[in-house]
Each structure stands twice: as structure tokens, then as C-alpha cells.
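Following the hints, complete the assembly by docking chain B onto the known chain A.
If you're matching them up, the sequences are chains A and B in order.
Mapping the first sequence onto the numbering used here, position 102 (from 1) lands on 134, and the numbers just tick up by one.
Mapping the second sequence onto the numbering used here, position 235 (from 1) lands on 267, and the numbers just tick up by one.
To be clear, the hints were calculated from the coordinates, so they are not data collected in a lab.
Be careful, since some hints might not be right.
Unchecked claim - Below, a sample of chain B positions facing chain A; criterion: calculated Cβ distance under 7 angstroms:
1. Val60
2. Val63
3. Leu137
4. Asn138
5. Asn276
Each residue gets a CB set at the ideal place from its N, CA and C atoms; glycine is no exception.
There are 2 protein chains.
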Amino acid sequence: MILTVTLNTALDLTYRVRSLRPHASHRVSDVVERPGGKGVNVARVLAALGHETTVTGFVGGATGRAMRDQLGGIPGLTDALVPVAGATRRTIAVVDELSGDTTQLNEPGPQIAPAEWGAFLDRYEELLDGGVRAVALCGSLPPGVPVGAYAHLVRAARAAGAPVLLDTSGEPLRRGVAARPDLIKPNTDELAELTGSHEPLRATQDARRRGAHAVVASLGADGVLAVTPEGRWRATPPARIHGNPTGAGDSAVAGLLSGLVQRLPWPDRLARAVALSAATVMAPAAGEFDRDAYEQLLARISVTGDSSAA
Amino acid sequence: MILTVTLNTALDLTYRVRSLRPHASHRVSDVVERPGGKGVNVARVLAALGHETTVTGFVGGATGRAMRDQLGGIPGLTDALVPVAGATRRTIAVVDELSGDTTQLNEPGPQIAPAEWGAFLDRYEELLDGGVRAVALCGSLPPGVPVGAYAHLVRAARAAGAPVLLDTSGEPLRRGVAARPDLIKPNTDELAELTGSHEPLRATQDARRRGAHAVVASLGADGVLAVTPEGRWRATPPARIHGNPTGAGDSAVAGLLSGLVQRLPWPDRLARAVALSAATVMAPAAGEFDRDAYEQLLARISVTGDSSAA
Numbered sequence: 033m034i035l036t037v038t039l040n041t042a043l044d045l046t047y048r049v050r051s052l053r054p055h056a057s058h059r060v061s062d063v064v065e066r067p068g069g070k071g072v073n074v075a076r077v078l079a080a081l082g083h084e085t086t087v088t089g090f091v092g093g094a095t096g097r098a099m100r101d102q103l104g105g106i107p108g109l110t111d112a113l114v115p116v117a118g119a120t121r122r123t124i125a126v127v128d129e130l131s132g133d134t135t136q137l138n139e140p141g142p143q144i145a146p147a148e149w150g151a152f153l154d155r156y157e158e159l160l161d162g163g164v165r166a167v168a169l170c171g172s173l174p175p176g177v178p179v180g181a182y183a184h185l186v187r188a189a190r191a192a193g194a195p196v197l198l199d200t201s202g203e204p205l206r207r208g209v210a211a212r213p214d215l216i217k218p219n220t221d222e223l224a225e226l227t228g229s230h231e232p233l234r235a236t237q238d239a240r241r242r243g244a245h246a247v248v249a250s251l252g253a254d255g256v257l258a259v260t261p262e263g264r265w266r267a268t269p270p271a272r273i274h275g276n277p278t279g280a281g282d283s284a285v286a287g288l289l290s291g292l293v294q295r296l297p298w299p300d301r302l303a304r305a306v307a308l309s310a311a312t313v314m315a316p317a318a319g320e321f322d323r324d325a326y327e328q329l330l331a332r333i334s335v336t337g338d339s340s341a342a
Numbered sequence: 033m034i035l036t037v038t039l040n041t042a043l044d045l046t047y048r049v050r051s052l053r054p055h056a057s058h059r060v061s062d063v064v065e066r067p068g069g070k071g072v073n074v075a076r077v078l079a080a081l082g083h084e085t086t087v088t089g090f091v092g093g094a095t096g097r098a099m100r101d102q103l104g105g106i107p108g109l110t111d112a113l114v115p116v117a118g119a120t121r122r123t124i125a126v127v128d129e130l131s132g133d134t135t136q137l138n139e140p141g142p143q144i145a146p147a148e149w150g151a152f153l154d155r156y157e158e159l160l161d162g163g164v165r166a167v168a169l170c171g172s173l174p175p176g177v178p179v180g181a182y183a184h185l186v187r188a189a190r191a192a193g194a195p196v197l198l199d200t201s202g203e204p205l206r207r208g209v210a211a212r213p214d215l216i217k218p219n220t221d222e223l224a225e226l227t228g229s230h231e232p233l234r235a236t237q238d239a240r241r242r243g244a245h246a247v248v249a250s251l252g253a254d255g256v257l258a259v260t261p262e263g264r265w266r267a268t269p270p271a272r273i274h275g276n277p278t279g280a281g282d283s284a285v286a287g288l289l290s291g292l293v294q295r296l297p298w299p300d301r302l303a304r305a306v307a308l309s310a311a312t313v314m315a316p317a318a319g320e321f322d323r324d325a326y327e328q329l330l331a332r333i334s335v336t337g338d339s340s341a342a
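The shape of chain A in the complex, shown without the other chains (with noise of 0.2 angstroms):
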């Protein structure tokens, strides 16, 4: 099974709002409810697409518990998060109906105390024990998790002998880099505050010389820019996709994994993870995917690069 790991999770909401105007009353014309952070994200894409597939991470309060609730409907997805005091947070996104605009408020996430802390590693450990075919690491922590987190859990997947996808930004990824994943899949904004430059191809470049084995960077609209050891590729979608780029950046890691574990090609990998990123970005409910548009667009990426040019 594929093991995605998200410490901060959570019940994300999505209300409709006419138009959002500070410091006045709104009614609410439609909720939501559905559960969320990154690598919960990444595990729903990753069922969708046949793998089998187990969350973990940590869960709490009545919002966990409605979380597991719609959890344990999702078919080839096991919920394997480790109980806290503390209560999940919630996210919401206010949707503009005027403009299709969206306003985020993010809670911060529970409070983890060290026991609780250590027991996600025994659990954490348990999992790799069992057999994994590939870790990603996902996300944000909450308040109370080492900031150096990543970094261990980077090195303990790849003692089990699990490759390790890391999908998280600041201090956490900087740490995180440093223990060598396989994998990375930062942004231009999270790319640029770990490497300091803002020009894709050299951030791009140094974040390996950092220590990630490859680096595949999400450039929005024009799909991504990978800098591996078997080679360089940019791979961009067919035209300019309009909607939600809510979630986009989560399916682009389910189909990055998704190839690694099926032993793909890099461009045949690149492809699928563009192909559904931007399925993500079409489909009408945030962080779906329109699995039709996902199989057209497939043959329809461009790959460009060489095996020989990293």
C-alpha cells in the first residue's frame, strides 16, 4: 500500500456567500463538508486511482470524528490516524458567488503533546514495518510537533526502504530537504524561500543540491519543471485550464506516486500528474477530479527534456 502521512488534518468546508464584504452578515446558501489536509487530499486521488491506500496522522474532537465518519466511505482507503485530545481543525473557504472568488480561514490545529507525538512514531513505525510501497509527507504541523519532524520521518521511511515524497514548505521543508527524500514537489513561492532564488530552473537545481534526490517543481498553469537523477523534463498541459486550483497541487502528488509505484518513466509520470492536476482544476466540486477530462488530457501533455541533461 501507498502510506500518506498528514499530521495537521482536517474537516474542510466550503461555503457560498453572494459576495464577501468585511465587517457585514452573510447567509450561507450551501455547505460542504468534507475531509481535508494535503495528504488526505492525496490519498482520496490515490483510491480513486486504484491504489490501496492508508492515511495517517492525527485526529481529534467532533470534527475528527465527523472526518473518520466520511473517511470510512471511501473504498480502498484505510484510516489508520493516531487519536489526540486536541480537536481537528477546520477549514473554511468562502466562495463568492458574484466573482467565483474564494477567502480562506485556516484554524491552526491542535495542540500535540509530546506522548501523543510519540505515539504517532510507534504507529508510524508499525506501518512501515508492515510494508510500503511509497511514504508522502504532507503538509503542515500542527502546534507542539518538532519543527524537525519531517526530517525523521523522512529517515525513517527510507531505513524501511520506502521511498519518501515530502510536500510541505518553510523551516519544516528546509529540515526535511536535508534528510534526503526521494522526492519534493514545492511551488515557485515555496521553492523560492528555500533556495532563495526566484528562477525555477536554478532554485530547482539547488534544492537538490540541498538533498532531495528529485525535484519536481509545480509551476501553477504551466504544469511542472522536474530535475531528477535520470534526467530534466517540463511537462505542460494542452491550454490554459479555468476553475478551482483548490487541491491541484494534491493530485499532482497522487499521480506522482501513483507512477512511482508502477515503476513509470519520468514523463510518463510528469504526464499523469499534470493530467490530474489539471482535472482537479476543471471538475466543479474543489479538490475533485473530472476523471473524464483526467483520461483526455493524459495523451494531450506535453513532455519535453532528455534522459541524459540533469
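Here is chain B on its own, set in the frame of chain A:
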């Protein structure tokens, strides 16, 4: 006991952000979660004043469980809520740290099935049969509840010999007033919507002609205007009170009910309502009241009027 009815209960969340900007992403620095809906707020204040109080209305889902968990911890308060299949709504107050201003997002509430409305009516009759000193009917109606609901509940309370206060707005208020409640407590907007008049005294007198035995019109920071069969009064706080007006109207309702069941003369009931309302505005947490401020204010409320001018 005093019975408060909240058909559209809520889990009230207060979020603190630096400054709300539409279409941006915000980190919430602080989350406060508490049981809400107007009648629940009224019951909390009544219980704090030492009155045995029962809350009824609808409750459901994970949000409903979270609300009940917190209600269970309030001494003097009995939970007689009726379970429904839908989930209790959330309301979110987003407070700007910089300005102190609040942006409000209100979910619509669960769809109530006809059988669920029937189950509520049975429970309400049971509670009335058990002996009730006063009934408060508070707030908006969730989807599926008939717009004439409050008229029906007013008549049932009066048939059981319980004095009944109605605090709602729009068409549910219009229909409820026609059923002759003992008391309504509209604010100036609600009163204008009911009567078509923006002149408080004229509108208050008109509301009585429409069926309310007594009308206590809330004039915001200027206190209240009461027109009753026993006389007509104005009650005013000693100075303009600064703070958060969330819940001030619900505290005024609690003050009126508390004075009613203790058979206080109208001037004392009104002083209690205005002092509780002002002490709620002054409290640091939205919807709580500052007990010391309440006790100090009580003797300083100016009540003018007389018993013959109704």
C-alpha cells in the same frame, strides 16, 4: 422551570484574524466554540442568574454532539433537545484584531422533516404539561419548519397557562404576534418590518394592536421602550457602553423572563434587562455577561414613565 425554544440551534465559532481581506488566505490565531442560537444564549444567562432552565429545539450531527457536550456542563440547565437527521448549523464570527470589527457567516441549518417537526411538537406539549413558569420562543426557523410555527407554539403555551415571550423577526414574527403572545422584544429594524413605522413609540403601540400584550422595543445603546397593559416606560443605561453587542438582545430577554417569573414590577424587570444587556456588551467574551458590571449597573439604570400611560 423556564423553557426556552431554539428551533435553529447553532454551534457558534469565534475566529480571531489580523484583518479580514476578501479573496486572501487567513491564519486563524484563536478559535472559541460554544453552544448558540438565541434561546440557548437566553437559557445560559437564566441559568447563571440561578433559574432552573430547560432548552428544547432541534439538534443533530457532529456539530450537534459538540453543542450538547458543552451544554451538559452548565449547572441549572436541562437539555431537552429533539434529535434530527440533519446537522446543527454553525455560525462563524470573524473578529479583526486590528479594528475589533466582526464579519458574520451563518449556515442555514438542517432541513427538518415533517415527522421531526411532529416529534418536536409532542416534546413541547410534554414539557408544557410538566409545569412551566414561562416560555421563550427565540430566533429563526430552520428549513422545513412551517412559517406559522411560532403562532402554534404561542397558542399551546397560552393554553397550558404559561406566559410566553416571542423573539424572532420577519414573517414568523408577524404570524406569531397574531397568536397574542404575552411579550415580544423586537429591535427597531424588526419593529419597522412588522409595523411599517420607523418611529419607535408609534411602532411599539402598533405592535400591541397586532396582538402582543406587551412590547419591549430594544433601542440598542439607548436601552428599551416598554408599552404594556400596566403602563409605559423607558429604561436607559447610565452612559454609552462600548464593546461587543453580540448576545446583548438575548441577555435582555433573559432579564425580562427572570423578572417575570419573580413577579417584579415592570420598572425592575426593565432595569434588569438593560443592565444584563449592557453587562454583555462589556464582557470580553462575546455573548457572556460581566457579573460585577451587571450588579453595579442594576442600580444605575434610569427608568422613566408611569403606570397609567399605556
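Hint by hint, work out which the structure violates, then give me just those numbers in ascending order.
-> Violated hint: only 5; rest satisfied.
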